[in-house]
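Once you've looked at the hints, dock chain P against the given chain A.
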Amino acid sequence: MATTLPPLAMHRLVRTAIALLWLIIPLGVVVWHNSTTPFGGSLVGALSALGNSAWLTLSVTLTTSALVLLAALAGARGRHLNATWASFIAVPHVAFAIGLLWLVSPSGWLVRLVDGLLPMWQGPIQSSALSGKSTFTLMVVLVLKELPFLLLMAQANVQQMPIQPWQQQAQALGYSHRRFWWLIVVPALLKRIRLPLYIIAIYTVSVVDIPLLVGPNAPALLAHEVYQLNWQFTNNTQGLVSWGSLFLVVIAFVSVLLLRGLEWVLQRWLGYLALTGKRACAAKSSVKRATTPWFWALLAMSIFISLLLQSGQQSWFYPSLWPQGWQWSRWLTEWPYIAPLLYNTWILAALSATLAWLSAIALLEVQAQSQQHTLNGGWLTMLMIPQLVLVLSWQQTIGPDNGFIGLLWSHTVFCFPYAYLTLHGAYHAYPRRWLWQARSLGYGPWAAWFKVLVPMLKRPLALAWAMAFSISVAQYLPTQWLAPVTHPTLTTEAVSIASGGDWRLGSVYALAQWASVWSVFMLVLWGTRARN
Amino acid sequence: MKYVFLLLTAISIMGFPTNSSAQGKPTPVYFYAWGGNPAVNDYIRWAAKELRPQGIQLQHVKVADIAEVVKQLVDGQSNADLIWINGENFHALKEADRLMSILTELNIKDRLNDQLSWQNDFGEAVADLEVPWGVGQFYLLTCATCFAADHISAAELLEYAAEHPGRIAYPKPPEFHGTTFLKSLLLSLSEQDEAFRKPVDAVDAEKLTAPLWAYLDELQPLLWQGGENYPSSAAQQLNWFANKQLDVAPSFNPNEVKTLVNQGRVPPDTKRVTLGSAAISNSHYLAVPNSSGHPQAAKQVVKFFLSEAAQRKKADLSGWGDPTVLDITLPDMPAMLPVAAEFHVSWQAYLEQQWQQRYPR
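Sequences listed follow chains A and P, in order.
Mind the numbering: the first sequence is residues 12 to 543 in my numbering, read in order.
Mind the numbering: the second sequence is residues 2 to 362 in my numbering, read in order.
Hints may contain errors.
[Said to hold, decoys possible] Straight-line Cα separation of at most 16 Å, EDC-like style, residue types lysine to aspartate or glutamate; simulated pairs:
no., chain 1, residue 1, chain 2, residue 2
1, P, K304, P, E125
2, P, K314, P, E51
3, P, K50, A, D126
4, P, K199, P, E125
5, P, K110, P, D317
6, P, K245, A, D126
I should point out that these hints are in silico values taken from the structure, not numbers from a laboratory.
For reference, chain A alone in the conformation it holds in the complex (with noise of 0.2 Å):
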């Protein structure tokens, strides 16, 4: 690509340029903003304020994690990224836990279908670990919602492993396929999951919104007494807000490290299994086809269903099957309200998924020229911070509603490293030997580029545009913190309509939202579709 400018100069101009928009600067103003913020409070008060919220969000970060890794890796095995996948993605965090605690729930849907066929049964559950506020359910919500993102890191990182040699092998040396995938795979994939696993850990630590609405509240997760703290008014909440952003940040690092020591126990331990362990007879045919993935169909389509009839509802309540009386109407009244909203989280997100994204090829070619393959954890060191820190900054430095530019930064911020993580993988198996025989036949660097690298790789490309996408339309304290006035977005308006439990208006919403980051995946998947 760089022709012009020494190749060495070149890199460093553009590692540099990227890594003061979107790391050095916001990172530089929550830094400056928290060292010049008095810290009051004693850290004893503290934590006998937080402590045990502070354990208990630890140890919910380090359960769904644990959880979620060890699902993703039994269900890497051989799928790729489909349409149902896709679907199951952009559902807004909300609108899922919604949809879930809809059929779930002790009065909701599947409780009902019971009470309708056991008349004898009276009235709806009282109690359940899946009530609608618990640990529980949060867990529950967390691992159904996060699954997903492993199992794609996962299986994009699959994809790139020589597999093929490495089954042979293992065949001959008398390894079930499950022995091959676990003893073999698995280790090497672990390493790989590594930081979208510490992305999904960090997200537990940070998530505002699913907790306010599933989670338990006596004690609350830590960031969700964050949250609400900041909104007090008596003296000794601000020093405890500080204090709360730091320990937020502490369990981050403390959850990264236990899941690393984590890590390294199932190293070992596979390990120990691979040498000492059986062997089965030879075995059956190897390669898993592309399968759909039932489970997450039918979850995607019952939530799908259940937001649609909740949208057109009027009156609904236990223990009918089906509502009482509907208002489809409400889509219609609502739509003129709608349309500036979807223009509004558009425009943001294809502005900030582009910068984004181009952020990251940029960064992925350098990295490419000079031969660095490993994932350089650096680039995510947004992630790995609790997002209430950043946003609570930033919006103390520069003021709310300071003009669209500091919002499209701060959604970019966000939208960056996502679309590095996804596209890394595959730009870096890419066999740039291509690109020397173009270059060969007298193409120009660019042209080499354009013409034989990016349709090669034009539904990874893609795909992590859409990914960016998406984290922009699902971003909620960034807007409501920095622009709520200039630029409402569905998201800012879902949530705040999610606060007073109308779910019929809220599914218009979250259909809406859906809608939104759905269309694209689509649009993504069917234009990049391979053409036989």
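Same frame as chain A, but now just chain P:
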């Protein structure tokens, strides 16, 4: 020469309209208000439509909790032109001197219903800084067969909870419905209210609240989930009540027993019951921050909201159904509940902190 000068001045004044005028671009008014109630949102949409001809573009900035904006205003970081507040939020803004004096200027005092005692917002003098907009009365929505009377004492509630464990809940303080639930219990248990209208420091709060904590120790294990978790908001509790997971849901709008049925949010046989002999009553207010970029237009909006037409529309039971603050009679409105005075604002933080030290582990 003098006339030419005057003429030029007149032309320049006419030619450069300085603020909100019907010509040209409408003046925006950023109205920060809770966005969780579709009926309220629809009402504000209606108001925005009505205000368009006056050259005002009323923009409802929906927030999940108005405290977000109050905090920003106190920190000097907000572009709000108009806010919807009361109680603690008003107190914080008044203390930080962030509100504009508007009440006298708007000249609406003599049209307000003085029986609502709107002059004090949680025991704190309104002092010209905010204008009453509507009325809140705290009571419980309940099922037709749950309670026979239209009011229940704290003791009767405990009795009910013992017979029906897990069917009673209240939102977790500092959510204001939850805190008001505690206040109602306190009134019912102590059978006097004089002391609670004074600042918490001026009375023996520990002694006054002792019966409440003793009572809650008994009630707590009988609550929903044995008091291990709480509804986060009145809205959440309302949904569980509507689907028969709970027997009560708190409300601060005396007409909501009708409007929620009309909206299909709760079953048609829902009725209201006050906790204690009377309902803790307060007003909710509109205020214009000092930092507003469009104060004239904001005041015009307040004036509109206090007009008879706007107040009638607000009280309409097919919509929001919020009682009027004006001295007018509206037909077909459910009767107001017997009034218990709101506590002094300092009790809010005291009760919340005391509660927090005792209950969630």
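Item to check | Index of numbered hints that the structure contradicts, given in increasing order | outcome: 1, 3 and 5
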